[in-house]
Amino acid sequence: MSGSDVLVTGMGIVCAIGEDKDSFWHALSRAQCGIGTVDLFDVSGYRSRIGGQVKNVDFFSRLSARECRRLGRCDMLGLWAAQEALTEAKIVEQDLPPERIAVVMGAGAGGVFEAERYRRQLYEGELRLRPSLLMPFPACNLTDAIANFYGFRGPRSTIATACSSSATAIGYGADLIRSGGADVVIAGGAESLSELTFSGFNALRSVDRSTCRPFDKHREGLVLGESGSILVLASRRRAEAHGMSGYAQVLGYGICADAYHITSPDPQGDGAERSMANALKNAGISPETVDYINAHGTGTPVNDRVETIAIKRFFGKKSEAIPVSSVKSALGHCLGAAGAVEAVATILALYHGVLPPTLNYQEPDPDCDLDYVPNEARVADIQVALSNSFA
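In short: position in the sequence shown from 1, add 1, done, that's the numbering used here.
A hint or two may mislead.
Unchecked claim - Calculated pairs, DSS-like style, for lysine-lysine (alpha carbon to alpha carbon, straight line, at most 27 Å): (1) 91 - 218; (2) 282 - 218; (3) 282 - 313; (4) 218 - 318; (5) 282 - 319.
What the hints assert, rightly or not - Beta-carbon label-pair distances, calculated as ranges: (6) 381 - 282: 41 to 51 Å; (7) 24 - 289: 15 to 25 Å; (8) 180 - 260: 25 to 35 Å; (9) 124 - 181: 27 to 37 Å; (10) 204 - 40: 30 to 40 Å; (11) 242 - 23: 47 to 57 Å; (12) 268 - 321: 17 to 27 Å; (13) 130 - 370: 49 to 59 Å; (14) 200 - 145: 38 to 48 Å; (15) 365 - 37: 50 to 60 Å; (16) 287 - 381: 17 to 27 Å; (17) 61 - 117: 18 to 28 Å.
Just so you know, the hints here were simulated from the structure itself, not pulled from any lab data. A quick note: this is a predicted structure, and the numbers were derived from the prediction, not measured. For each residue, glycine too, the CB sits at the ideal point set by N, CA and C.
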């Protein structure tokens, strides 16, 4: 251990199966599914009508009406989660120098939900358009919202690498701490459902009409979801000096690209395999030490098969003994927020010694022949876990 180790000292999450960390873990570890009919917009004309929508959350209970008017749904999801994470980590009470607190967020579609409302007003001929609906549109809006809300004046960065955005944000946040650029980093991301993304994935015919069933033989595609998921990262030196305990240590991360196709992965899993290899190299650990893999596991026929190939290629014989599961089966694919959602799930799995299950797994696929922790959570002694986020 060293003072430059990066610890996770607080977490916050809101998603289809929970409005905070505890309710999220309660549902996830008890194999509860939050996927249902989407009612944020009219889905009656689409191939799929389901999603992992956040329901029954009163944003006004934590934010003023004025603040809510200036934020989009994506921003409010992210700020909701940030408040939980920062409260748990006791950041505000510690009177840390604001110049040493950075904010790094992963972004997907950003404020498209509000931009769609503005467009409807425009084309329906409303005389008083609401320009405030366009304020949340930039991808950086959540990053700015969190930093401005708390007065953090350290580095601000917004990462946009599609479905791996918030995972990359966490890795970059850890780099900031190790390099001395910040003492504390608020890292993660948020994504809201929107008709643009919903219609786009339906047009690609990459969605499942009934449920999300990663690695199952009869899987048809992904199910979209939404979430705000935030981690507080701190150096071990800073954490110990302020009496902050850590859930887990961020050992390392890996990124690369396969330059193959905009929507399909390299058939042999080249990019996925090299990402895992880079992560373990960055962490300074061997494949033999990995006890659990939280899979990207989207539920599409191609992605699940290729991720399985990549795991088997990289881990070799060891892959037969590593449990692999996908939490997207419980709450959907949260796109820009997916990596942070799954980081929270992975950390809680380590903390509680319980593997979250892959739901809706009924029939094995010969091309997907690993241990996918089907349908029920499993008690396990895990010390090192790997979370995959591909895009």
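So, going through the hints one by one against the coordinates:
no.	hint	verdict
1	91 - 218	violated (46 Å)
2	282 - 218	violated (33 Å)
3	282 - 313	holds (18 Å)
4	218 - 318	holds (23 Å)
5	282 - 319	holds (17 Å)
6	381 - 282: 41 to 51 Å	violated (25 Å)
7	24 - 289: 15 to 25 Å	violated (35 Å)
8	180 - 260: 25 to 35 Å	holds (28 Å)
9	124 - 181: 27 to 37 Å	violated (51 Å)
10	204 - 40: 30 to 40 Å	violated (21 Å)
11	242 - 23: 47 to 57 Å	violated (27 Å)
12	268 - 321: 17 to 27 Å	holds (22 Å)
13	130 - 370: 49 to 59 Å	holds (55 Å)
14	200 - 145: 38 to 48 Å	violated (28 Å)
15	365 - 37: 50 to 60 Å	violated (27 Å)
16	287 - 381: 17 to 27 Å	holds (19 Å)
17	61 - 117: 18 to 28 Å	holds (22 Å)
Consistency note: the structure conflicts with the earlier hints numbered 1, 2, 6, 7, 9, 10, 11, 14, 15.
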